[in-house]
Amino acid sequence: MKKISPFWIVVVAVIIAGLVFTSTVKNEYYFNAAYVVLQALLMAVAWNVLGGFTGYVNFGSAGFFAVGAYTAIALDKAFGLPLPLLILASGTVCGLIGLALGYLTLRLKGVYFAIATLAMAIVFETLVVNWAYVGGAKGAYILTPDSHLWFDSYIQMLFMVMLLLALAAIAVSRYLNSSRLGRGLAAIRDDEVAAECAGVPTLRLKLISATVMGVMMGVAGAPYPFFVTFVDPVSAFNLFIAVNSIAMPMIGGTAHWIGPVIGALLVGSLQEIITVTVSSELNILFVGLMLVGFITLAPQGIVGLVRKFRGRKP
Amino acid sequence: MSTPVLEVRALVKRFGGFVALNGVDLHVGAGERLGLIGPNGSGKTTMINCISGALYNDEGSIIFEGRDITRMAPHQRTRLGVARSFQIPKPFRSMTVLENLRVPLEYAAWNRAEHRHITDEAMAVLESIGLKHCAQQNSAGLTQVDMRKLELARALAAKPRLLVSDEAMAGLSNAEVDEILEILLALNKRGVAVIMIEHIMRAVMRFSQRVVVLDAGEKIAEGTPDEIVRNPDVERAYLGE
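As you go down the protein sequences, you meet chains A and B in turn.
Residue numbers are given in the numbering used here: position 286 of the first sequence equals residue 291, and the series is strictly consecutive.
Residue numbers are given in the numbering used here: position 113 of the second sequence equals residue 135, and the series is strictly consecutive.
Next up, chain A with everything else stripped away, as it sits in the complex:
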């Protein structure tokens, strides 16, 4: 029989811990904070699939996130679909956008690709601002559904949903990182021409990577309206979401699947702590400083530092 990897044991343990957390802790703030961290974690893992594994830096993360959120708003308003279906729909829509964006722009390299993704986010923001059905520039109020399964409150359920989504994303990312597909992506990141000459179908792999990234970001955005209950384009398309999605994997380390997880847990938690104890404005400065520090002192992130101390080549 195949041995069960420690990874899955940890996943099950985290799910159980999550359930225990929801049944024992009553203070809703903790679920709010955990949700924010997990959402950032999911976004970081998503960004890393294209940005870290494949080497294509995406500045449009907020665009995918917001399209995910607004897809949920529109479908909720039109058909009143349940949350799992909304998540599925947002994932599909953003996956398709990832595919289309990839097809149109993955021939661009480096900074040109980054600019194209930023432009895409702006295009979508403009569309949403002018789309009255989902509130346009005024924003939209979303009513939290009454049902929250066996949980004490809706936020507890959302927290659990986000935990499961994040774990699923980590599992996919881990698989990508260690599989044949992942080696193909790494080859593209290292040298695209050499990858192609080694038989790697570079365009197809880049499209897969962009699609997976899109699906994950869309999924991250879908429950957001129910979390904040009021969404406007400025908050959903906030550049800070994009910056966080880049900063967290960079700080954690982009080459390994655990990198964005570590980065998001560390930076996300510290942000929450600083927001509560110091100021909500300072935490943006804090991310910036941390990013600068890591890029100059430890470009391989925390994973790279750990490897260095263990004596392995970065």
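Keep in mind that the hints were calculated from the coordinates and are not lab data.
One or more of the hints may lead you astray.
To be verified - Just a few of them, taken from the derived set where beta-carbon distance is under 7 Å, the chain A residues facing chain B: (1) LYS82; (2) ALA83; (3) ARG112; (4) GLY115; (5) ALA191; (6) ASP196; (7) GLU197; (8) ALA199; (9) GLU201; (10) CYS202; (11) ALA203; (12) VAL205; (13) PRO206; (14) ALA260.
What the hints assert, rightly or not - A few chain A positions that, by computed beta-carbon distances, are all more than 10 Å from chain B: (15) VAL16; (16) ALA18; (17) THR29; (18) PHE84; (19) LEU90; (20) VAL134; (21) ALA142; (22) LEU208; (23) SER285; (24) PRO304; (25) LYS313.
Unchecked claim - For lysine to any residue, the following SDA-like pairs were computed, each having C-alpha atoms within a straight-line distance of at most 20 Å: (26) A/LYS114 x B/SER116; (27) A/LYS313 x B/MET117; (28) B/LYS112 x A/GLY115; (29) B/LYS112 x A/VAL198; (30) B/LYS112 x A/LEU208; (31) A/LYS114 x B/LEU77.
These numbers come from a predicted model, not from an experiment.
Here a beta-carbon is modelled for each residue, glycine too, at the ideal position from N, C-alpha and C.
Fit chain B to the given chain A structure using the hints.
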């Protein structure tokens, strides 16, 4: 002459108004060792870029083992059996030497590799090329000559029937040139046809069964190394009138 593994017919490649290749014919027999030489800018690298698919030719056709590959993407050509090494080594820098070989084994040779034994196969290639001792080393830290060997090893791991070696020896010492030469000869003994592009005449003359000379995008001479050395057109191309 044996049946050709590669047949290039009337290849034309233009860059804007500049004609880099002007109707060049080239054929390589199965298991043949062909030297491709010419002064700088004569179109050698453009030629192999067209053969490997990095560039698409404007006119003419490229036939590999009876199949027209003129419009095929580079990775498909590699899968069919056309491998190339790069003049400036392009290792996958985040990977170890061993992992570098996994990529072509898992992609180019996927249908021909024995999936369970990828590591063994990679090690076998490394052993044959003399890189076994640095299998677990990060590829970015290799010496120049080992980088060149890695280039060849990676091309080899794609299990090609035609290898295009683009100046694998440029800048190496005499002893190192001999090392690379031995590798290419050993490879050829196993039935892989080789197109060797090189400026080091000693290597070209020793290696090639046949030499093709390009100058300003046209083929000006073709023959055995001895014939080429005595060819007045070749002398003129290299030295002027």
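Next item on the list: Please verify that hint: A/LYS82, Cβ, nearest Cβ of chain B, below 7 Å or not.
Entry: violated (45 Å)
Next item on the list: So, A/GLY115 near chain B? Judge it on the closest CB pair being under 7 Å.
Entry: violated (16 Å)
Checklist line | Check on A/PHE84 being off the interface with chain B, judged by Cβ distance over 10 Å | finding: holds (43 Å)
Item checked: Agreement of B/LYS112 and A/VAL198 with the hint, judged by alpha carbon distance not exceeding 20 Å -> Since the Cα atoms of B/LYS112 and A/VAL198 sit roughly 8 Å apart, the hinted pair holds (cutoff 20 Å).
Notebook entry, point to check: Given A/ALA191 was flagged as interface, is its beta-carbon under 7 Å from a beta-carbon of chain B?
Noted result: holds (6 Å)
Item checked: Closest C-beta approach of A/GLU201 to chain B relative to 7 Å, hint status -> At about 4 Å, which falls below the 7 Å cut-off, the nearest Cβ of chain B leaves the hint on A/GLU201 intact, so it holds.
Item checked: Assertion that A/THR29 lies outside the chain B interface [Cβ separation over 10 Å] -> holds (43 Å)
Notebook entry, point to check: Just checking, A/VAL134 versus chain B, shortest CB gap more than 10 Å?
Noted result: The claim holds: A/VAL134 sits with its nearest Cβ about 40 Å from chain B, beyond 10 Å.
Item checked: chain B contact restraint on A/CYS202 - CB to CB distance below 7 Å -> Interface hint status for A/CYS202: holds (6 Å vs cutoff 7 Å).
Next item on the list: Would you assess whether A/LEU90, listed as outside the interface, keeps its beta-carbon beyond 10 Å of every beta-carbon in chain B?
Entry: holds (37 Å)
Next item on the list: Beyond 10 Å from every chain B Cβ: check whether that's true for A/LYS313.
Entry: Nearest chain B Cβ is 12 Å from A/LYS313, so the label holds.
Item checked: Status of A/VAL16, Cβ more than 10 Å from any chain B Cβ -> Answer for A/VAL16: holds, closest chain B Cβ roughly 26 Å.
Hint compliance for this structure: hints 1, 2, 3, 4, 7, 22 are broken, all remaining hints hold.
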